[in-house]
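> Here is how the chains run, residue by residue.
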Amino acid sequence: MRVYVPRDFSACALGADEVARAIEREAGRRGITLELVRNGSRGLYWLEPFVEVERNGERVAYGPVSEEEVESLFDQNFLEGKEHPARQGNPEEIPYLRRQTRLVFRRIGKNDPLSLDEYRKHGGLAGLARALTLSSQQIVEEVTKSGLRGRGGAGFPTGIKWKTTLQAVDDQKYIVCNADEGDSGTFSDRMVIEGDPFLLIEGMTIAGLAVGATEGYVYLRSEYPLARRIFEEALERARAGGILGKDILGSGKSFFLNLYVGAGAYVCGEETSLLESLEGKRGMIRPRPPLPAVHGLWQKPTVVNNVITLASVPGILADGADAYAQLGVGRSKGTLPVQLSGNLRRPGLVEVPFGITLEELLFDYGGGTASGRPLKAIQIGGPLGPYLPSSLFHVTLDYEELAKVRGIVGHGGIVAFDDTVNLGEMARYAMEFCAEESCGKCTPCRIGSTRGMELMDKILSGKKAPGSIQLLVDLCDVMINASLCGLGGMTPFPVLSGLRHFPEDFGYAKEEVEPLLQKV
Amino acid sequence: MENGKVERKDELEDILQSFSRLANGLIPAFHAIQDRYGYVPKERLPEIARAFNLSQADVYGVLTFYHDFRLEPVGRHVVSVCRAEACQANGSAAVIDRLRRKLGVDFGKTTTDGEVTLLPTYCFGNCACGPSVAVDGKLYGRMSAERVERILHGLGVSA
Numbered sequence: 001m002r003v004y005v006p007r008d009f010s011a012c013a014l015g016a017d018e019v020a021r022a023i024e025r026e027a028g029r030r031g032i033t034l035e036l037v038r039n040g041s042r043g044l045y046w047l048e049p050f051v052e053v054e055r056n057g058e059r060v061a062y063g064p065v066s067e068e069e070v071e072s073l074f075d076q077n078f079l080e081g082k083e084h085p086a087r088q089g090n091p092e093e094i095p096y097l098r099r100q101t102r103l104v105f106r107r108i109g110k111n112d113p114l115s116l117d118e119y120r121k122h123g124g125l126a127g128l129a130r131a132l133t134l135s136s137q138q139i140v141e142e143v144t145k146s147g148l149r150g151r152g153g154a155g156f157p158t159g160i161k162w163k164t165t166l167q168a169v170d171d172q173k174y175i176v177c178n179a180d181e182g183d184s185g186t187f188s189d190r191m192v193i194e195g196d197p198f199l200l201i202e203g204m205t206i207a208g209l210a211v212g213a214t215e216g217y218v219y220l221r222s223e224y225p226l227a228r229r230i231f232e233e234a235l236e237r238a239r240a241g242g243i244l245g246k247d248i249l250g251s252g253k254s255f256f257l258n259l260y261v262g263a264g265a266y267v268c269g270e271e272t273s274l275l276e277s278l279e280g281k282r283g284m285i286r287p288r289p290p291l292p293a294v295h296g297l298w299q300k301p302t303v304v305n306n307v308i309t310l311a312s313v314p315g316i317l318a319d320g321a322d323a324y325a326q327l328g329v330g331r332s333k334g335t336l337p338v339q340l341s342g343n344l345r346r347p348g349l350v351e352v353p354f355g356i357t358l359e360e361l362l363f364d365y366g367g368g369t370a371s372g373r374p375l376k377a378i379q380i381g382g383p384l385g386p387y388l389p390s391s392l393f394h395v396t397l398d399y400e401e402l403a404k405v406r407g408i409v410g411h412g413g414i415v416a417f418d419d420t421v422n423l424g425e426m427a428r429y430a431m432e433f434c435a436e437e438s439c440g441k442c443t444p445c446r447i448g449s450t451r452g453m454e455l456m457d458k459i460l461s462g463k464k465a466p467g468s469i470q471l472l473v474d475l476c477d478v479m480i481n482a483s484l485c486g487l488g489g490m491t492p493f494p495v496l497s498g499l500r501h502f503p504e505d506f507g508y509a510k511e512e513v514e515p516l517l518q519k520v
Numbered sequence: 001m002e003n004g005k006v007e008r009k010d011e012l013e014d015i016l017q018s019f020s021r022l023a024n025g026l027i028p029a030f031h032a033i034q035d036r037y038g039y040v041p042k043e044r045l046p047e048i049a050r051a052f053n054l055s056q057a058d059v060y061g062v063l064t065f066y067h068d069f070r071l072e073p074v075g076r077h078v079v080s081v082c083r084a085e086a087c088q089a090n091g092s093a094a095v096i097d098r099l100r101r102k103l104g105v106d107f108g109k110t111t112t113d114g115e116v117t118l119l120p121t122y123c124f125g126n127c128a129c130g131p132s133v134a135v136d137g138k139l140y141g142r143m144s145a146e147r148v149e150r151i152l153h154g155l156g157v158s159a
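So the sequences go chain by chain: A and B.
Each residue of the first sequence is one higher than the one before, starting from 1 at the first, in the numbering used here.
Each residue of the second sequence is one higher than the one before, starting from 1 at the first, in the numbering used here.
Next up, chain A with everything else stripped away, as it sits in the complex (with noise of 0.2 Å):
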C-alpha cells in the first residue's frame, strides 16, 4: 500500500512535511506498514496538502489535509478509500486535472520524481532513445516541425534557435537553462524541477545532442531551496544512471550537466544578462547581436531556453513532432502550462493547449474570485505584462490573438484581482519593482523607473498636475523603445494597460488619457 503526500515547495509550505510525518507516526502507532511516496504536487493547489492513497493500482486523494486530520483520516479508514470530509475521490477524475492536456507535466504527482526506474517506467527516456537514433539536423528538424516556441515569454521558435547554434562553428557550444523563474505569479519551472526533474536533464541532453553541445548548465534561481535539493539529488542518479556523462545511455555520446544558483536578481531571467551572471559577474545586459545563439557563454555558442521550453523536447521526440503540431490553434503550437494565482477559488498549475479562452481559464478552471467580489482584471505574462479588464476576457490563449489586445503570453502565469484592486497603485508598483531590479546598464530603465515612480505618487496624490499625464505616456514610450532588454521596456505594459483600461485608478476620465494614448 502506497501513500503520495507531495514534496513541492508550496504543498510544504502548506504543511506537507508535517502531515507526511503524522502518517508515518499513525501508521507505526497502529503497526500498519505502508509505503510513503513523496511526489510531486498535481498543481490543485487549493487542495494542498494534497494526500492520495493507492491499493490495487486504484487512487484516492484526500485534500486539503491538515497535521492534524491525519489522526481522524485513519479512524475512518483512508487506506481503504473510505469517507471523509476531505475526500476527493479518484484524483484523475477530479475535472480540473481530467479536462487537462498534459504532455509536459504527463508525469507530475504520479510518481516518485527521484526514482530513475519509476521515471521509465512512466514513459521517461523514450525521447532521448530516439534522439540517439538521429542526426543532430534530424532532431532540430523534428523540433521546428512541432512549432515549439519559448516559453519563457519571448516566445521565439526553439527549432531556429536551435539551428543557429547547430551551423555555429566552435570547439565549445553549451546549452543553458534558464531556471530563474523570478515573474511572479508563475511557478510552472519550479514545479517540473521539483516534481520530474529527469524530464529537464532529458531534455537538455536532447538539446545537446541536437546542437553538438556537450556541457550545460541550469541556472536556478536562489527562492527555490526546495527545488535545489531535488536537483542535486536527481543529477546524482542521473550521473549515476548512465543519463549524464561520457557514455549517454551506452551511445558513446556525452553531455556533462550542472547546476549554478542565482543570488536574487530578476534582471537575471533575461537571458544576456543570465550568462554574465552564469560567468560569474554583475548581472549586466549584453546588448544583441551578437545572439547567444552565436555568442553566448564564454563567448561560445549557447542555447539559453527556459525550463518548460526543455521539458517539452522529450515528449516531441517521443511522440513526434506532428502529434505536438495538431495541438493548439494558429502560431501557436502544442500546449501551455498555465498558472492561475492570486484571487481565485482554484488556483494551480492548468496545462491546456493554445487556444483556450481566458474566460474559461478564469471561471471554469479557476473558479472565479476567492473574495466572492467582482473579478476586476488580471495580470498576464508575468510583473511586466499588462493588466487586462474583464471586456477582453473574451480573447484566447494564442501569441498573436493576446499581442492583438496588447496582451503577453509571457511564461503563463495569470493573477487575477477582485474589485478591490486599485490599478493605479499596481502601476506605481511596476515602476518600484523596475527600479529595484534594474542591472543599471541602459538610461531609460535605471532613470525612467525611478522618475515614473515619482510622477506616479503625483498623480496618486490625487493634484492632477497639468501635464503629468502626458509625461508618464511620453516617460513609457521611451522605456518602451530605448531599453535595451524586457526589463525596461515592458515596464510600461502593466502600466499603460492601467491607465487604458482602469483610468479612474489614476483619477482620470477615460476622454482624458484616451487621446494620449493614441501613439503608444
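Hints listed in this document are in silico derivations from the structure and should not be mistaken for laboratory results.
Predicted model, so just to flag it, every value in this text is computed and none were measured.
Be aware that a few hints might be false.
Estimated spans, in silico, between C-beta atoms of each pair [said to hold, decoys possible]: (1) Asp171/A to Ser144/B: 52 to 60 Å; (2) Lys138/B to Phe156/A: 33 to 41 Å; (3) Gly38/B to Glu436/A: 20 to 28 Å; (4) Ala509/A to Ala23/B: 55 to 63 Å; (5) Thr64/B to Phe156/A: 26 to 34 Å; (6) Arg21/B to Gln299/A: 14 to 22 Å; (7) Gly108/B to Asp457/A: 14 to 22 Å; (8) Phe156/A to Gly38/B: 38 to 46 Å; (9) Lys9/B to Ser254/A: 30 to 38 Å; (10) Gly156/B to Glu400/A: 53 to 61 Å; (11) Lys138/B to Ala403/A: 35 to 43 Å; (12) Glu511/A to Pro73/B: 52 to 60 Å; (13) Ser144/B to Glu425/A: 14 to 22 Å; (14) Leu22/B to Gln518/A: 20 to 28 Å.
Backbone N, C-alpha and C fix where the C-beta goes; we use that ideal spot for every residue, glycine too.
Let chain A serve as the given structure and place chain B on it in line with the hints.
Coordinates of chain B only, in the frame set by chain A:
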C-alpha cells in the same frame, strides 16, 4: 609552522580555495561564505579578490549587485515576505503591515535587540498559495495578519 607559529586556516580560506578553481566560482563562493557566516565579512574582501585574481572593486561590484548577499550580519532570525502581485491580490499588504508594526522595523532592517531581520522577496513561486512569508528559510503559505503574528510569537517577538 617551523617557528612554532601555527597558521590555522579558517573555513573562509577553504571556501576560497575550492571555489577559486572554477571560472565562475565567485557567486557560489559568496553563497558558501554566507551560509557559513550569515554575511560576507567586509574585511575579507581583499583576500577574496586575491583568490579570484580580481580587483576589490570587481568583487565588491558583484557582491552588491545581488539582493541575496549582505555585508552586515543579520538578526538571529530572518523573516522574508513576498511583495509581488499574486500575494498582493490575496491581501499581503495586511501581512506586511502587521510585520512592520510588530517588529518596529522597515524592510532591510533588524530589530534593535538584534533578533529579527525583515527582508522583502519578489516571489517564492508560491503564488497559488499566498500570501507567502519565509522564516529562516522555511516557507509558510496562506498567511494572514493573525497567522504571521502567531509565527512572530513563536520567535519570541511580543508586544
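> Could you run down the list of hints and mark each one as holding or not?
Status of each hint after checking the structure:
As the Cβ distance of aspartate 171/A to serine 144/B is approximately 57 Å, the hint placing it in 52 to 60 Å holds. Remark: the range hint 33 to 41 Å for lysine 138/B to phenylalanine 156/A is upheld by a beta-carbon distance near 38 Å. Range check, glycine 38/B to glutamate 436/A: about 23 Å between beta-carbon atoms, so the 20 to 28 Å window is met. Checking the proposed 55 to 63 Å range against alanine 509/A and alanine 23/B shows it holds: the Cβ atoms sit about 58 Å from each other.
In this structure the hint that threonine 64/B and phenylalanine 156/A lie 26 to 34 Å apart at CB holds, the actual value being about 32 Å. Distance hint check: the CB atoms of arginine 21/B and glutamine 299/A are about 21 Å apart, consistent with the given range 14 to 22 Å. Between glycine 108/B and aspartate 457/A the C-beta distance comes to about 20 Å, which sits within the given range of 14 to 22 Å. Checked against the hint of 38 to 46 Å, the pair phenylalanine 156/A and glycine 38/B passes, with Cβ atoms roughly 41 Å apart.
Evaluation of the 30 to 38 Å hint for lysine 9/B and serine 254/A yields a pass: the beta carbon distance comes to about 36 Å. A hinted range of 53 to 61 Å for the beta carbons of glycine 156/B and glutamate 400/A is consistent with their spacing of about 56 Å. In this structure, lysine 138/B and alanine 403/A meet the distance hint of 35 to 43 Å, their C-beta atoms being roughly 41 Å apart. The supplied range of 52 to 60 Å is met by glutamate 511/A and proline 73/B, whose beta-carbon atoms lie about 56 Å from each other.
At about 21 Å, the CB distance of serine 144/B to glutamate 425/A agrees with the hint of 14 to 22 Å. For the hinted restraint 20 to 28 Å between leucine 22/B and glutamine 518/A, the CB-CB distance of approximately 53 Å leaves it violated.
Checked against the numbered hints given earlier, this structure breaks only hint 14.
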